[in-house]
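A.B. asks: Here our numbering is used: the first residue of the sequence shown is 40, the next is one more, and so on.
What the hints contain is simulated information worked out from the structure, not anything from laboratory work. One thing to keep in mind: the hints can contain errors.
To be verified - The following label-pair restraints were derived from C-beta to C-beta distances: (1) V49 x E102: 17 to 23 Å; (2) F41 x P66: 40 to 46 Å; (3) T43 x R87: 34 to 40 Å; (4) M40 x M61: 24 to 30 Å.
Since we're looking at a predicted model, the values are computed, not measured. For glycine and all other residues, C-beta sits at the position ideal for the given N, C-alpha and C.
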Amino acid sequence: MFETPKRVFVVMEKLAGDMLEMILAAPNGRLPERVAKYLITQVLIALRYLHLRSIVHCDLKPENVLLSIPPHYAIPDRGLPEVTPSVAQQFPQIKLCDFGFARIISEKSFRRSLVGTPAYLGTFRTM
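Required output: the full structure, derived from the provided sequences and hints.
C.D. replies: Pasting the structure below:
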């Protein structure tokens, strides 16, 4: 992000992919078990990265998980082995988005706060 006296500019990465929500809402809306395990692992790695920095996302749901086909799959001339698009689609990279509710928070204050999308809150958080 940068700004001039009259404008604010937000620069974002262009992703070749989709939201997890769009894939799950498709008519066949299923992922092979292998791909689902891979994506869950990627989400957990991303959450661990945030939590080690005391950042809590607070609104994790399928529409906030973006699936990105890594750039090296599309450009075989980078000295990397050529990978077909079908392999890239099997194992997309995830990007978490929408940090609107995210907080840098301590354990004590986190227990007293309730934020996020109600339909995706854990039952232990709503009781």
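A.B. asks: Taking the CB of T43 and the CB of R87, does the distance hold inside 34 to 40 Å?
C.D. replies: holds (37 Å)
A.B. asks: With 24 to 30 Å as the target window, see if M40 and M61 comply at their CB atoms.
C.D. replies: holds (26 Å)
A.B. asks: Mind checking the hinted window 17 to 23 Å against the Cβ distance between V49 and E102?
C.D. replies: holds (19 Å)
A.B. asks: Could you say whether the range 40 to 46 Å given as a hint is met by the Cβ separation of F41 and P66?
C.D. replies: Because 42 Å falls inside the window, the suggested range holds.
Checked against the numbered hints given earlier, this structure breaks none of them.
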